[in-house]
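Chains as they are written, first to last, in our numbering: chain A, 1 to 260; chain B, 1 to 275.
The reader is advised that the hints may include incorrect statements.
[Said to hold, decoys possible] Covered, in the sense of this in silico footprint (three residues per stretch, anywhere, with C-beta under 8 Å from a C-beta of chain B), are these stretches of chain A: (1) 146-157; (2) 171-181; (3) 244-254.
[What the hints assert, rightly or not] Derived SDA-like pairs (lysine to any residue); straight-line CA-CA distance at most 20 Å: (4) B:K147 - A:R255; (5) B:K169 - A:D152; (6) A:K155 - B:L70; (7) B:K147 - A:D152; (8) B:K123 - A:Q39; (9) A:K158 - B:W90; (10) A:K155 - B:G69.
No wet-lab data here; the hints were simulated from the structure.
Just so it is clear, CB atoms sit at the ideal spot from N, CA and C, and this is done for glycine as well.
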Amino acid sequence: MNARRLRAFGLELWLPVVLVAVWWFASAGSTSPYFPSLQSILAQFASDWLSPSATRNLLPSLELLASGYAIAVIVGGAVGVLLGTVRALEEATRPLLEILRAIPGVAVLPLFIVLLGIELPMKIALIAFGCVWPVLLNTIDGVRGIEPLLLDVAKSYKIGAARRLTSIILPGASPQIFAGARTALAIAIIIMVVAETVGGTGGIGYFLLTAERNFAITSMWGAIVALGLLGYILNILFRLLEGGVLRWHRLLQSRLEAQL
Amino acid sequence: MTTTSATQSAPSGASGEDRPELAAVGLGHGYGDNEVLGSIDFAVARGEFVCLVGPSGVGKSTLLRCLAGLQLPRRGSVQVKGVDMKAPVWGVAVVFQDYSRSLMPWSTVIDNVALPLVAAGTKKKDARVAVLEALEQVGLTRDAAEKYPWQLSGGMQQRVAIARALAYKPSVVLMDEPFASVDAQTRADLEDLMRELQRELDITVVLVTHDIDEAVYLSDRVVVLSGSPASVAEIVPIDLPRERDQITTKATPAFADARARIYGLIRRVPVDTHE
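Chain A with its partners taken away, still in its complex shape:
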């Protein structure tokens, strides 16, 4: 088991290590202002993002991301459960949902600026709007896919609506809800950066834009590295949470696969 994990870890890691090494040596001693050496990028990254002052740009970003993402998951989950339960409502709203979700989140930025201004509420709303669709549509599918016999069991044992929601519908739909939430997380980071380039006074996106405008190209590269790492870390945290909540699902899937 341990040897297998080590092997999997190695398989996952060798290519990034090779690429970083290639980048490091190829860019060493670079004199191009647009492509600074990796060494100087990392040094700049460390001073910009690994120092106590980094919180000035990091915290506003995380706050914005968390607010918009939380709204998307809660609203998407709640409306998804409603539409997944009431079939007539789902059929009536399906075309509208398909159109809305086809609109790229950043495309509504001008509209949101007109309606909500350029402050924090607009940015939160923009992230929420962009992220809500995968959560919503996956939740609808998850709720509709719940074993009908379980709903009969709930009915015959007189299990009330609230308990049915928490013990049957949400756990039953949880694999799909998590799949939607993971897609939404990637979208949230993209929209966060775009939103922060508008009228901002802080955040990674704001920092990125300022660096570019001040021709601080090494800082700009450093911010891009920071964004990549942020996305990677958030994804790892998400997988840890998912692995805990959906442990039963993973075990059941591997058992079903073993039976084939």
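Following the hints, put chain B in place on chain A, whose structure we already have.
Chain B only, in chain A's frame:
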């Protein structure tokens, strides 16, 4: 052997009350233009074990869904202790055929069995006691109780579903082909378990099966359904001792008589088998 007519109520000796525990009164149902159940009348007395038999597609499962209150019949009614049933009522527990679908895969065995109790507001401690008692009654170990249901064998999973019904402290247990998805030996064990529990806990059991041997072995009376739309062909009392055994009981002339009689009843009326 004597037979009672379809509309005659249950033997009064089996119950202190006059009203039957469960009754179908002129019950009819169908889907679209397809009339599945014509007019079904039978009554089950308290403490009775009654099997509903009939060929595949005769509407046994539809009838059971109506008896459980999961399906409102088009005509007639289901009565629990003389009261019309409009929705599922307390004290009537249902065990479905497909244990792999009727148990929650995300909950442990304990949590599956506890859910109806917890939902009814039973205190966590009291629920746990009731759940462990029910699991013991169906012969499940503490070790199995901590597992997910799908980590257990089919027969064990159906025991979990039975434990869930028992923990609910039902007066009536309705079972829809409960042993159709397990192997023969497990099936015999579960049949004996149900007879034992039914007597021990003094519950009323109504069990749907297509297996005539099973129906005769388990029942005090067998309700034979046939025709399309289905009606009660006959209610056959089973003249067997209360103590039964898979080998010796099935070898008795009384068992063979009942078996032959029911077999004849089902064969007599040609059944539409477009299913």
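Results for each hint:
With 8 residues carrying a beta carbon less than 8 Å from a beta carbon of chain B, the stretch 146-157 of chain A meets the three-residue requirement, and the given coverage holds. Residues of the stretch 171-181 of chain A lying with their CB closer than 8 Å to a CB of chain B number 3, which satisfies the three-residue condition for coverage. Counting residues of the stretch 244-254 of chain A whose beta carbon lies closer than 8 Å to any beta carbon of chain B gives 4, which meets the minimum of three for the stated coverage. A C-alpha spacing of about 14 Å is found between B:K147 and A:R255, which places the hinted pair at or below 20 Å, so the restraint holds.
For the suggested pair B:K169 and A:D152, the alpha carbons sit about 19 Å apart, so the restraint of at most 20 Å is met. Taken as a hint, the A:K155 and B:L70 pair is honoured in the structure, with Cα atoms around 7 Å apart against an allowance of 20 Å. Using a Cα cut-off of 20 Å, the hinted pair B:K147 and A:D152 is violated, with the two alpha carbons roughly 23 Å apart. Among the hinted pairs, B:K123 with A:Q39 is inconsistent with the structure: their alpha-carbon atoms are about 63 Å apart, more than 20 Å.
For the hint pairing A:K158 with B:W90, the CA-to-CA distance comes to about 7 Å; that is within 20 Å, so the pair holds. Distance check on the hinted pair: A:K155 and B:G69 sit about 9 Å apart at the alpha-carbon level, within 20 Å; holds.
Checked against the numbered hints above, the structure violates hints 7, 8; every other hint is satisfied.
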